[in-house]
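Visitor: As a plain string of letters, each chain reads:
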Amino acid sequence: MGVWNPDQGGDARMLIGMDVGGTNTDLAMVGEEIVSEKVSNTRGIREALLKIRIPGRLAVSTSTPLNRVLAGTPVTVQTILVPGPGLFWPGGVKGAVNHCGDVVEPIDPQEIREILMRDRGDALAIAGKFSVRNPALEKEIASLAHAQYPVERTSMSYHLADLDFPGRIATTRLNAAMKETVTWLAGEIGAERGDVLFFKGDGGLIPPGYAVNNPSVLAHSSAAAVALGARYLSGITDCTVIDIGGTTTDLVPLLRGVPRMELLVHGGERTVTRAVVAQSFPYGGDSLVEGGLLPRRLGDALAFGGSHPTLTDALNVTGEEIGDAAASRRLSRESATSVIETYLDRISRAVSSIGTRHLVGAGYLAPFLVPGIASRCGVRYTIPPHWDCANAVGVAVSRVSLSLHARFDSGRGWVAFNGEHQPLRSMGDDDALVGICKEEVQKRAIAAGAHPEDVRDIEVLHVHSYDVIRGASRSSRIADVVVQVAPGITVKAP
Amino acid sequence: MTTALVFHPDFLLHEQSRDHPERRERLSYTIDQIREEGLMHHPAVKVIIPGFASMEAVSRVHHPEYLAFLEHASRTGGFIDFDTNVPPNLLSHALLAAGGAIRAADAVLDGEAENAFALVRPPGHHARPGTGAGFCYLNNMAIMVRHVQQRGLEKVMILDWDAHHGDGTQAFFYEDPSVLFTSIHQSPFYPGSGSIDETGYGPGTGYTANMPVPAGTGDESYTYLLETIIEPFAREFRPDLIAVSAGQDNHFTDPLTGLALTAAGYAGLMKGAVGLARELCEGRLVAILEGGYSVEGGLPYTNLGILAAMAGLDLRSIREPEVYREWLIRVSDPSAHTRVRENAHALRTRLAPYWACFR
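From first to last, the protein sequence lines are chains V and S. Residues 6 to 499 (this note's numbering) make up the first sequence, in order. Residues 726 to 1084 (this note's numbering) make up the second sequence, in order.
Warning: the hint list may mix true and false statements.
Stated by the list, open to error - List time: in silico DMTMM-like cross-link candidates among lysine to aspartate or glutamate, alpha-carbon distance up to 20 Å:
#1 V:K99 x S:E1051
#2 V:K99 x S:E1047
#3 V:K144 x V:E116
#4 S:K880 x S:E956
#5 S:K880 x S:E900
#6 V:K448 x V:E425
#7 S:K771 x S:E1007
#8 S:K771 x V:E274
#9 V:K443 x V:E464
#10 V:K144 x V:D113
#11 V:K448 x V:D200
#12 V:K448 x V:D436
#13 S:K771 x V:E267
#14 V:K99 x S:D1039
#15 V:K99 x V:E145
It is worth saying that the hints were derived from the structure and are not from the lab.
Next up, chain S with everything else stripped away, as it sits in the complex:
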């Protein structure tokens, strides 16, 4: 089994400001860990340097007016919202990130690798057709999904496990039955959307499934949602590709969120997703990095855990250093699991009319 690791040193160039949490160090520490683990030379990992996404690929999902705005603002500097300004050269950095997502998909479709992890930034899942938001400019996931569909795949299942609801990605596919969008996210929280009631519209009704979880939710609940919602759902939908919006901000050390997932929890989730892809679509799985802001205590270990799970490596030592143990105890909320079970029950009821697995 080979996993493509799609990375470009220029993914580190984008910077809104020196103190913005979506900072280049998110990747620096991870790359240090990956290098130190020897994964840059590992037989199970193929490092791929991507190029820029074409405007044609980006135009499949974003409005021309928005792309023209980004092009102009990238020359002069610009503003989208208080979390998301447009620094000079932004469009080129965003096109490289989208290019990374596309290259990851091509590696899988062309048989260069069984699955692929695009370690890109800036992230994309809050970007909607006509605007960016929440640190995101171009929706890397939507661009990648339309690209693989252009190449002949029909059905794609998206699993967005970023701590924030993937409102942008949901918007692209809300009426589209060829894309099953599922999201696990902290609620209530930014961006405020992602309730159980949002299940799609028109022909896409039943093809969106939101799994909001309260602050303090940890490994046990994520495993529960994987086994009781995502796995049966995938088996009935039968995707041609599983796409993971891999936000690493559920980690218990993340400074922006309140969840309690561990590195081992992430590795376990990805192992489950890899197993599903093997069972349903010849192993085709593409993961794209979204959020995750715990530069030191989280990202190196979570990203490594995800990569290791994708490459089928031994996961026994995927963990954080012991110094963080107390932090996990403080963040975890034992009552969260009950709420997660209640929400899952409500979601199954809501989706039961459309899916036999939930009846």
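Just chain V, same shape as in the assembly:
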């Protein structure tokens, strides 16, 4: 993993963003000026990587291929739960960890072996109540299952840190479904370039090791990418970013430069992973025109060699020059005008309901459609330079945003940072512990390639401490602290 070196030459400061999309991979190289490029995915990711001939920090958004994994042939995930005492979970196995991280009931290896013999899946998710306080039982089950499920197809919930068993179960199942692909992607990109960072759904960057342990943070990252990119390119912090893509139009409101975050929901289950929220509409440049505007894609627009007319062709018929405009003329002018009206109406209604005053357009078709939407809504608009690769620019200018979950336990004499134990010699008050965690996450972020000025803004997400009471007296003290380097734009961006 590369370490930021302020003494490195000018080229080394180049920020390279790569957004692996549905049909193309967008590349943006952000230095004194911005250079962008599109590479067809048919040539593979390595081909896109070869296009990067300059040194610099590479950040990659893999949202689209991961979303395809999730939407494609379902990965069958076998789930082993260790619920212990408390609320009932069907199919749970024996074993329990308590609040303090003590193993109060052992697992029964024979029971686990029988379950593994009886049921089979493509991947394995293991989640135990209070495993974030002690991962021993989850690790024991993973080791029993190793012959059937290798590491890249086994996900454990203790990496997630949150005290929320149902949320961890849903996230671990999602992680199990994605882990092999993410491991492969990390290997593929890592083979070409050693120093890669992955772009998260909350707009921050993490090293591959973190991504493999919790791949869910990589899913649905397109909204964060375009929001960061549009903000960086336009310099506007209070607006709604409107991203007009091939199959969808996404609206991402920004308040003081920060998009709204929500917990991801996958398969109807709430996860513990935060991601930028976009309001998404199933219409874009490739939406089919057939007796009206349909929320469906049947390949490229006629103007790009496709066989069916789309919204892009409608724009050409009304006077624009996008691609091979002559090829679009199969569509009648009447139909073209009508579907553009339909599109503008639908999106304008949504924009009006958000109550924004300023639209910032992104995506290839933004200059052709955003002015019409803004005029209908009576709001200002800006189409920033490099609007068509705002997503890749957003990935490039993002900063390293690691999170750290620390559990201090004076009785056992250790502190666990993200589940890994270290000796704890003395334990101060809550402020002192938060200070230790801030320092640790800063150290880790810098080791992962963050600029020292990027790690000043640390979010304290959770602090909770209490005395361990055995019988009637205090025996030790326990504290949980969760901190995160705030996601955002790196100071390295020119």
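Chain V is fixed; fit chain S onto it per the hints.
Guide: Just chain S now, kept in the frame of chain V:
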């Protein structure tokens, strides 16, 4: 069905001293369990952050002289008894706890939730009109009951299952036929009151029912008292609201008491109370946390069991970890049930002149 969970992080601020058993960790472990179970985001649970009780609401039950004393002692520190000193800022913490009880009742009366559990501290049921006692300062239950009556409900049934007799709450309503006060508690034990003979006074005669139980009493006896005393009594009284003084110190691991109730036993008791509330008063039930000092082995599981029963969740796995099994065997006294039956018989006889269900 929605259950309101009324909780404020500042409920953890009150502390008489670092080693006092009514300690903040009573809630820390429970909140950990509730968070880990996902109940902070559960569709059947609505988490509500309360505000302070008004002095008007508190003055309905406590003497102005006592409130003035608390106000003064909260600035300087003060002393009520050897169990109950007044640390700085006490009044603000006590008003927040009372506010929690009131907010729980409002959630139920306003239809935000079918029932509500106020996970408050400091507790209240030993506080009398003119003084605090036994870790209690303001009587959260009495303040809440007068609040709902002010809002138009007429009759309230209180079930106080804390291991200690709810002497303070009993004192408020001893002569009041609009409030049926029932208590199951260990006897002989602190505070020493709560005998079968205490059945009310004047117009309140017959509206107080004490069910003392010996040390070693467990699930079977509590179920017996629920079915043979509390349920028939409630059906004849027909309350507009059932209020539970939920003391979790009957648990077999509690370091201050000698009873043998389990987490499953607590969940079963609350399930019975919820059923009664549904049958008699459109489900209106408010539970207020009282005592309970088993921070690690008891409170997380008992409080979860109560919340789960109120929210209608699956109770099959409500239990303590296996490591406590031996403890339960040591604490349980098989002969206790016979004494409980004898006491119940005596109580029915004592109340028979006033209530047809006991004849």
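Visitor: Could you run down the list of hints and mark each one as holding or not?
Guide: Each hint tested on the structure:
1. Distance hint between K99 of chain V and E1051 of chain S is fulfilled; the C-alpha atoms sit about 19 Å from each other, no more than 20 Å.
2. Between the alpha carbons of K99 of chain V and E1047 of chain S the distance comes to roughly 11 Å, so the proposed pair stays at or under 20 Å and holds.
3. In summary, the hint linking K144 of chain V to E116 of chain V is supported, as the alpha carbons are separated by about 16 Å, within the 20 Å threshold.
4. For a cut-off of 20 Å, the pair hint linking K880 of chain S to E956 of chain S stands: about 16 Å separates their Cα positions.
5. Between K880 of chain S and E900 of chain S the CA atoms are separated by roughly 14 Å; this keeps the pair inside 20 Å, and the hint holds.
6. For the suggested pair K448 of chain V and E425 of chain V, the alpha carbons sit about 16 Å apart, so the restraint of at most 20 Å is met.
7. Using a Cα cut-off of 20 Å, the hinted pair K771 of chain S and E1007 of chain S holds, with the two alpha carbons roughly 19 Å apart.
8. Proposed proximity of K771 of chain S and E274 of chain V is supported: the alpha carbons are some 18 Å apart, at most 20 Å.
9. Restraint check for K443 of chain V and E464 of chain V: the C-alpha separation of about 9 Å stays at or below 20 Å, so the hint holds.
10. Of the supplied pair hints, the one linking K144 of chain V and D113 of chain V holds, its CA atoms being roughly 14 Å apart against a limit of 20 Å.
11. Simply put, K448 of chain V and D200 of chain V have alpha-carbon atoms about 18 Å apart, close enough for the 20 Å limit, and the pair holds.
12. This hinted pair checks out: K448 of chain V and D436 of chain V have alpha carbons roughly 18 Å apart, not beyond 20 Å.
13. With a CA separation close to 19 Å, the supplied pair K771 of chain S and E267 of chain V stays within the 20 Å bound.
14. Taking the CA atoms of K99 of chain V and D1039 of chain S, the gap is near 18 Å; set against the 20 Å cutoff, the hint holds.
15. For a cut-off of 20 Å, the pair hint linking K99 of chain V to E145 of chain V stands: about 13 Å separates their Cα positions.
The structure fails none of the hints (numbered hints given earlier).
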